[in-house]
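All chains should be modelled from the sequences, with the hints used to inform the complete structure.
Protein chains: 4
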Amino acid sequence: MAKKIKYGIIGASGRLGSEVNNVFNESGHELVFQFDIDGEKLTEKPELLIDCSLPDVFEKSIKYQQEYQCPLIVATTGLSSEQLNKLKELGNNYPVVQSFNYSLGIQVMLKLTEVAYEKLKDWDIEIAETHHRFKKDRPSGTAKMIQDIVKDKVVNPISLRLGNVAGDHTIYFGGLGEVISITHSATSRRTFAEGILRSSEFAIEKEKGFYTFHDVVFGR
Amino acid sequence: MAKKIKYGIIGASGRLGSEVNNVFNESGHELVFQFDIDGEKLTEKPELLIDCSLPDVFEKSIKYQQEYQCPLIVATTGLSSEQLNKLKELGNNYPVVQSFNYSLGIQVMLKLTEVAYEKLKDWDIEIAETHHRFKKDRPSGTAKMIQDIVKDKVVNPISLRLGNVAGDHTIYFGGLGEVISITHSATSRRTFAEGILRSSEFAIEKEKGFYTFHDVVFGR
Amino acid sequence: MAKKIKYGIIGASGRLGSEVNNVFNESGHELVFQFDIDGEKLTEKPELLIDCSLPDVFEKSIKYQQEYQCPLIVATTGLSSEQLNKLKELGNNYPVVQSFNYSLGIQVMLKLTEVAYEKLKDWDIEIAETHHRFKKDRPSGTAKMIQDIVKDKVVNPISLRLGNVAGDHTIYFGGLGEVISITHSATSRRTFAEGILRSSEFAIEKEKGFYTFHDVVFGR
Amino acid sequence: MAKKIKYGIIGASGRLGSEVNNVFNESGHELVFQFDIDGEKLTEKPELLIDCSLPDVFEKSIKYQQEYQCPLIVATTGLSSEQLNKLKELGNNYPVVQSFNYSLGIQVMLKLTEVAYEKLKDWDIEIAETHHRFKKDRPSGTAKMIQDIVKDKVVNPISLRLGNVAGDHTIYFGGLGEVISITHSATSRRTFAEGILRSSEFAIEKEKGFYTFHDVVFGR
Chain G
139 MAKKIKYGII GASGRLGSEV NNVFNESGHE LVFQFDIDGE KLTEKPELLI
189 DCSLPDVFEK SIKYQQEYQC PLIVATTGLS SEQLNKLKEL GNNYPVVQSF
239 NYSLGIQVML KLTEVAYEKL KDWDIEIAET HHRFKKDRPS GTAKMIQDIV
289 KDKVVNPISL RLGNVAGDHT IYFGGLGEVI SITHSATSRR TFAEGILRSS
339 EFAIEKEKGF YTFHDVVFGR
Chain S
139 MAKKIKYGII GASGRLGSEV NNVFNESGHE LVFQFDIDGE KLTEKPELLI
189 DCSLPDVFEK SIKYQQEYQC PLIVATTGLS SEQLNKLKEL GNNYPVVQSF
239 NYSLGIQVML KLTEVAYEKL KDWDIEIAET HHRFKKDRPS GTAKMIQDIV
289 KDKVVNPISL RLGNVAGDHT IYFGGLGEVI SITHSATSRR TFAEGILRSS
339 EFAIEKEKGF YTFHDVVFGR
Chain B
139 MAKKIKYGII GASGRLGSEV NNVFNESGHE LVFQFDIDGE KLTEKPELLI
189 DCSLPDVFEK SIKYQQEYQC PLIVATTGLS SEQLNKLKEL GNNYPVVQSF
239 NYSLGIQVML KLTEVAYEKL KDWDIEIAET HHRFKKDRPS GTAKMIQDIV
289 KDKVVNPISL RLGNVAGDHT IYFGGLGEVI SITHSATSRR TFAEGILRSS
339 EFAIEKEKGF YTFHDVVFGR
Chain F
139 MAKKIKYGII GASGRLGSEV NNVFNESGHE LVFQFDIDGE KLTEKPELLI
189 DCSLPDVFEK SIKYQQEYQC PLIVATTGLS SEQLNKLKEL GNNYPVVQSF
239 NYSLGIQVML KLTEVAYEKL KDWDIEIAET HHRFKKDRPS GTAKMIQDIV
289 KDKVVNPISL RLGNVAGDHT IYFGGLGEVI SITHSATSRR TFAEGILRSS
339 EFAIEKEKGF YTFHDVVFGR
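Going down the list, the protein sequences come from chains G, S, B and F.
Going left to right, the first sequence walks through residues 139 to 358 as the working numbering numbers them.
Going left to right, the second sequence walks through residues 139 to 358 as the working numbering numbers them.
Going left to right, the third sequence walks through residues 139 to 358 as the working numbering numbers them.
Going left to right, the fourth sequence walks through residues 139 to 358 as the working numbering numbers them.
Check before you lean on any hint, since a few could be wrong.
Keeping only pairs whose Cα atoms sit at most 30 angstroms apart, straight-line, the calculated DSS-like set for lysine-lysine is [to be verified]:
(1) F:LYS289 <-> G:LYS257
(2) S:LYS291 <-> G:LYS273
(3) S:LYS257 <-> B:LYS344
(4) B:LYS257 <-> S:LYS141
(5) F:LYS282 <-> B:LYS274
(6) G:LYS291 <-> S:LYS282
(7) F:LYS282 <-> G:LYS257
Derived from the structure by calculation, the hints contain no laboratory data.
Here it is in structure tokens:
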């Protein structure tokens with residue numbers, strides 16, 4: 139088992155923050171610092187900081203990281219390129235992990251897409267994603283990541299909106315005589331918290347460096 | 139077993155015509171008349187005529203039906219509304235079966251869609267169809283038939299074009315907490331020939347009337 | 139909107155009981171009585187009782203129903219045939235609804251299976267179900283309900299156990315040249331609570347009678 | 139385009155042999171020798187031999203290869219281990235390609251399974267295959283190849299038998315919160331002929347060596 143981490147969360151009371159706390163708890167790590175809408179709560183100096191908040195809070199997160207001089211895991215979505223650059227810079231002195239999607243399955247799906255595409259470049263390709271009816275943007279950010287891998291082809295991802303589906307993504311490769319498809323279905327938010335746990339246990343062992351979740355899963 | 143039918147085919151040498159001959163042969167029926175690009179070949183007066191040709195040949199088909207005064211099964215696609223009306227009129231005196239799709243599975247899928255829609259009117263609905271890369275029109279005619287059943291909702295069928303897929307259709311109903319889908323996959327042309335056989339054995343027992351393949355399958 | 143119901147729950151603090159309370163709350167109904175492991179809590183005499191508990195508590199539920207002389211909705215799974223008979227008997231004097239599965243989608247899937255089976259009796263049939271790795275029994279109770287509809291055929295449902303999948307069921311009909319499949323995927327427990335709400339709003343309008351959830355959805 | 143090959147076929151009149159001839163023809167290669175049930179037909183000395191026959195004919199194939207001293211592509215299924223060893227030995231002096239499945243898609247699917255398995259070793263795994271009702275053996279040989287990749291886990295492939303389905307294979311990986319699946323669907327025999335073409339164009343450029351179709355696709 140990995141060594142016990144005394145960690146802090148920015149955005150502790152949000153949906154993802156709560157799930158992260160559950161998963162870290164079960165793994166024997168200890169919450170010693172939190173910051174959210176109800177303010178700051180410090181028990182002890184954290185050895186690692188997790189940011190599950192919003193882009194608006196970014197400056198605050200950087201401030202805390204500077205104060206505690208520790209590794210930083212960033213799960214905030216919608217960061218600007220300036221904010222991303224700031225994180226890369228920070229990676230020169232501290233371990234930083236950043237990703238827009240901490241699901242292991244999605245990382246594996248992206249990898250499989252890469253491997254398949256290399257061999258099936260002249261096959262037809264289609265991408266489909268299904269999400270709950272409340273999702274406004276189409277296609278999903280993850281569908282765009284898949285599309286990005288097969289970017290030598292013109293593929294317009296197809297979007298279905300159904301009930302409260304958490305999120306399904308499929309890429310199809312069609313040849314004359316056969317079809318291969320790779321599908322990822324999310325069934326709960328817990329998977330993201332586990333990706334953050336894995337990233338934290340990875341970062342705590344590093345001296346410095348800017349890493350994506352892809353690096354955590356596949357090495358670099 | 140149904141009684142032996144001495145039948146004639148218009149469009150005998152086409153893809154569908156050949157398949158029809160195979161299936162009728164295996165069922166013990168006897169080809170006694172055929173007409174196609176190579177001309178006419180008559181062994182004996184047919185008891186039933188099957189039209190597997192093109193809209194251009196329609197007048198010729200009617201002429202033959204008048205000559206032989208027998209039931210007529212029409213599988214030609216792309217008929218005009220005048221041509222359809224002509225067939226309905228003919229139904230006043232002879233048994234006539236007409237359909238754009240003689241697949242039993244598609245008829246069942248349309249029926250299931252009707253039954254599901256009645257109970258799930260307020261769920262989200264999506265329709266998807268997958269066909270070979272050579273198919274130009276989108277969505278498919280069958281997708282439009284499905285769309286027509288749920289026409290109180292705005293549903294834009296989604297089209298995927300992959301390799302040489304014969305034809306898949308899915309309708310999804312999404313509620314909060316569950317999704318139901320109904321899928322039909324065509325794997326060979328033979329199914330259409332079997333629908334024509336079934337329609338022929340149905341028509342030969344009737345005195346007169348204009349019927350669709352839906353009537354043949356579900357009664358009227 | 140349906141009229142406001144003052145309802146009571148037996149098994150209020152369980153997973154299903156809590157979900158039922160949420161859904162009834164949102165619909166404007168009022169919880170006036172509850173019984174669970176923490177004891178009894180009565181604000182006002184309930185107009186309808188919902189049993190979301192376990193077979194062990196059955197006698198208690200009957201006692202409460204006798205005390206309040208009101209309609210009873212039973213969602214307990216694993217009832218014995220004596221207990222079911224007791225409920226049918228109770229239906230002679232009060233409205234009683236009983237089902238092992240209050241999902242609307244499953245009811246619709248069972249109906250679709252019936253309709254398809256009637257037309258596709260001589261096609262091949264397969265049934266598959268997927269559930270989380272913790273599910274011990276196989277096949278699932280719902281798979282058995284599907285199997286029961288096509289009972290003139292020997293079909294052995296196939297079981298997959300994967301992660302924490304809530305529950306997927308598919309029935310396949312395979313003919314020569316085509317395959318039709320009907321799939322139901324559960325994505326949350328809420329759907330059951332909504333079926334119980336629907337059954338309650340149905341029962342409150344009845345004088346007496348023993349009903350299944352199928353009767354609530356499709357009438358009788 | 140690859141250079142024109144003067145090729146010979148053993149088992150020319152079989153289903154696969156005919157398909158191979160079509161595909162080679164379209165690619166501009168020239169049939170100069172054939173052997174099958176109707177005997178031998180030689181126009182010119184072949185530069186490459188393809189064996190699409192049965193294990194019984196194996197000795198004959200080796201005899202012809204020795205006579206023409208050329209590369210050999212073997213698509214016969216059900217070879218004994220002695221026969222396979224004979225081919226490996228032959229590879230010391232000539233280019234030999236041997237596989238039980240020349241579908242590019244299946245090769246890619248096996249590769250994807252390998253890549254996914256490496257990252258998802260502790261997820262649940264299930265394998266399912268669907269074939270036509272006439273297929274007697276279960277699971278399919280391809281399902282066993284997939285099973286072989288994940289052999290550290292106990293996985294019993296699941297078999298569905300439906301109508302005249304050409305062949306579908308799926309492997310599922312289920313984690314807590316997500317499921318990934320990889321599916322291959324065969325839609326026609328042509329894909330095998332294309333794998334043989336690819337292997338031939340590969341072998342004609344080699345001096346010697348025993349290769350599998352995996353080597354042809356992914357290199358060695």
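Tested hints:
With a C-alpha separation of about 25 angstroms, the suggested pairing of LYS289 of chain F with LYS257 of chain G holds against the 30 angstroms cut-off. As the CA atoms of LYS291 of chain S and LYS273 of chain G are separated by approximately 19 angstroms, the hinted pair is consistent with the 30 angstroms bound. With a C-alpha separation of about 21 angstroms, the suggested pair LYS257 of chain S and LYS344 of chain B falls inside the 30 angstroms cut-off, and the hint holds. Of the pairs offered as hints, the one joining LYS257 of chain B and LYS141 of chain S holds, with about 22 angstroms between alpha carbons and a cut-off of 30 angstroms not exceeded.
Note on LYS282 of chain F and LYS274 of chain B: the hinted pairing holds, with a Cα-Cα distance of about 26 angstroms set against a maximum of 30 angstroms. Only pairs whose Cα atoms come within 30 angstroms are accepted, and LYS291 of chain G paired with LYS282 of chain S is accepted, the gap being roughly 28 angstroms. Proximity of LYS282 of chain F to LYS257 of chain G is assessed by CA-CA distance (about 23 angstroms); at most 30 angstroms being required, the pair is judged to hold.
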